[in-house]
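Visitor: Here's the letter readout for the chains.
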Amino acid sequence: MRVKQILILAPTLVSLFLLQSYFWVPTFEEQVKGDPGRLTRYIQTSIGDASILNPTLAADSASSDINSLVFEGLIDRNRDLAFRGRLAESWEIFEEAYMVVDDTQRLPDGNPVTADRLLRHLEKARAAGDPALRLVQKIELLPGQSKIEQIEVAIPRQESGKPKKRMVEVTVHLPPRLKFTLSEVDQDFFVKLNSLLRGYGNRIDPSRFIEGAEPVITRERAAALVPPTEHNPIVLFRLRKGVLFQDGHEFDSGDVKFTYQAIMAPENLSPRVPDFEPVKAVEPLGRYTVKIIYKRLFEPGFGSWGMGILPEHLLNRERLKAEAIRLGRDPKTYSIRDSAFNRAPIGTGPFRFAEWKTDQFIRLRRFRDYWEGSPNLREYLYRVIPDLLTAELTFYAGTSDAYGAQPHQVERLKHDPRFQNFSRLGLGYTYIGYNMRRPIFQDVRVRKALGMAINVQEIIDYVLYRQAERTTGPYPKQTEFYNPTVRPLPYDPEGALRLLAEAGWTRNAEGWLEKDGKPLAFTLLTNLGNEVRKAVMVVAQNAWRRLGIKVETLIMEWAVFINERVDKGDFDALILGWSMGLDADLYQIFHSSQMGHFQLNFVGYSNPEADALMIRIRQEYNRARQVEMARRLHQIVAQDQPYTFLFVGKGLTLLDRKLVRMIRDPDGTPQYLPIVADKLGRINFHFNQWVKTSEPVLAAY
Amino acid sequence: MLSALLRIGWKKLWTLFFVSVISFAVIHLAPGQPSQIDPLNPRFTPEQLERYRKAFDLDLPYHVQYVRFYRKLFTGELRAFKDSQPVLPKIVERFWNSFPLFLVGTVLIWCYAFPLGIASAIRRNSLFDKVTTVIVFALISVPGFYLAYLLIIFVVQTFHVDVIGLRTFGREGVAAPLRLMDRTWHLVLPSVLGATAGIAVLSRYVRSQMLEVINSDYVRTARAKGLGEDTVLYKHALRNALLPFVTMLGLLVPALIGGSVIIETIFAWPGIGRLGYEAVLSRDYPIVISLNFIAAVLTLLGTLLSDVLYMVADPRIRLEAE
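The listed protein sequences correspond, in order, to chains X and H.
Residue numbers for the first sequence follow my numbering, so the first one is 1 and each next one is one higher.
Residue numbers for the second sequence follow my numbering, so the first one is 1 and each next one is one higher.
Simulated from the structure, these hints should not be mistaken for laboratory data.
These figures come from a predicted structure and were not determined experimentally.
The beta carbon of each residue, even a glycine, is placed where N, CA and C say it ideally should be.
Treat the hints loosely; a few may be bogus.
Claimed, not checked - Here are the in silico distance ranges between beta carbons for each label pair:
(1) X/Glu-152 <-> H/Val-21: 35 to 43 Å
(2) H/Ile-135 <-> X/Pro-490: 55 to 63 Å
(3) H/Val-21 <-> X/Asp-570: 29 to 37 Å
(4) X/Glu-149 <-> H/Glu-47: 12 to 20 Å
(5) X/Pro-331 <-> H/Trp-96: 27 to 35 Å
(6) X/Glu-92 <-> H/Glu-47: 44 to 52 Å
(7) X/Ile-663 <-> H/Gly-173: 30 to 38 Å
Model the full structure from these sequences, guided by the hints.
Guide: Shown next as structure tokens:
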């Protein structure tokens, strides 16, 4: 019967055909041993693919991984996290400051102010060694000028609350100004100058220089148009000579300026705009010097020059226009974001782009003319494996050299002699935040008691398999800003009860804490999908219930959680984490001006001393003073406990033991050195020296 | 017949219109924002967020957005939020990656489900039937990802060969037949896993359908005529039992664009399921809505196809027009 035969034959044949393919596939051993190229090829697996290979446009970690190899910035950080020159050989930071000449005022000697008199007065004081002018190297007089500007003003309307916006034309009479060149940035320069001039600067009324729509211009708007005094910090980068892009074109100051313009151009939608917004201008001074002028004091802005530099000659207007015409697109709307460059980039970094198969792999090859010398590894492959277990399998089988291992996976492979591991401490911390707009959380004793009730060490030991460390404040522990003298809150439920009693919360007949007949009750929120936060939630709820607090818990989908609860300030307490940068700026997270909707001080923390410190810290260019203030700020925040600071995650990176660093002696004999991690646990600091040997060459270390 | 088809086509167009509205509305009404507009990036100012919204057309009223969106989709100008790449070529590329998986998976399902189902039906309540029933229900209940891990670990540890991805990674410059076999091998595990649940479910259908037919009068008549058992079963019974499955062919069409998120994730398969899943997570509206829309078109085409097939296979069924 034919039907019967088909029914039996068909599955048999299909199965046989599929299974026989096994005999054509190389085993792992054949792949690793039989392929000499494998030793010069480094394979990194990642759970996600890159999205856009352009450092000014990318925001995801996979794209950054690739961009950091293909592109290079002016600076980066060395192993101790201090800044180090890359495309810039060296740099200077100083200041240019401006002050308006206000001829309605009088000088301390009684004479009315004129530009010349003011200048002479200050020159005399400088010659006399007045401390206010100690850093001043040069004072110049700039003439005034007038210009017409269109500005947008909001006109309040009586009936409906929404103000109407319209454009008005104003004439700005910019008065003569004095320009001071200071040898270093001094945020108190005008404070000192004001005391020398008996409050001159504070009395300048900028609205006097604006002519036109007088009634609708506030004093702040006028001050924005004609600032009475202005700090312009300057960074002068001296660029490395003879650095080549991977297409052979030489890098120069024009590329730096171009990169800045590419970021700021609105049509490119660069996510890096906030980092470069404080920059006023980028001025090339010749081919190998570039002057960066800042609008205002903003110290964290310096680190942004680690941004990879784009090649101007490949992305300028003409090139984009030609590309748009070739593709039949409108040249007017065609931006860098649309360019094919983002899928085949060219930079000055140690590896050059070769191939990208979306969601499969990205292939880079070493750049032989890299200014610091060619990398040892010939090829870098970035393989996308979205599943962590299969990523581990490929690592174990030797077909990948590194992957983002999870703590439990590290536990499995840590003791395997084939692998080396590196410990790293994260930059992010997990916390419980209290909404201080809610009456119960306004009392610091309550916040402190809640923190003391939780056994953080237990969380670290049992929830995180000891892959975490306690933290006491808002700074990463690897930075100098972290204050090591601040002690963590003790685990002390009894003490917590005493603190709550002081705050007026006492146990009622049923054992619940209450004050004025109202129970101490609130809801603790966190987001869905984070198992650690969920576990912390259970521990906290349990600890607080034992004190007699009625705690409800709620886990919400991320988008709803953020949009409906966090951004609107509609929560009691929540568990979240911050991933910190390496700078000392905490303004957005803790300053009292940042409490509005969609701002980051959603817990509503407010402390005048902390506010003042946060502003001074971001304006301070002297490292030692900045560190001192940051440590004080850490202390204040720890005292106020707007958050219960819980822990910082730790991790281990696994690598094949056959990977080592190799440098050559002057006579050419190779010397092998171990791979070492920096303060952040990053291992790729010496990546260009890495080689893979066929057998381990270094003893276990 | 033609007029009936036209009328059906017209109805389906209307359905398509409503589907397009709904798929547009669903993603826009879902909470959350495209990940490019990340409200928790500490240095973003409201003006910058506004600029993104404007570039993505999100500042416009919904009906204007709707019109602009579908105009861009049909003119091929639509670009993903993630990387500004055109959406349609992206979907086409992923489609061809997923297609072999779909093809081999479907072939496996149909090749195995019928013999299994028929054999269980013929030997009802025998040991074979009971064993297959248990296995089949086990396969339906065991989560796919768990089975996948077990299989991968077993194959990798026993045979020491690569099973992840489209082909053996890092193996370059080999001859075409070797490449073909390499790709075939990499299809085996994911398509077998993708097919297990399908085989299990479909073989149950086949079994019950077959049982029903075997117990019907005309089969008894055929037996009474003195026909051989094979002729009775495979000629008279099977043909009639197969009838409902003809319609299933049409329903396969929309599955073309479905892909399997779990299998594709575990096997690092750059397929269409992963594309859609990642787009949903990052609220990449152009990709999500386009995929939805294409799936709707294919579903409608599939139902149309199954109507026609059924008509051809079973002369008793006629379109209402006639």
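Visitor: Looking at the structure, which of the earlier hints fail to hold?
Guide: As far as the earlier hints go, only 6 is violated by this structure.
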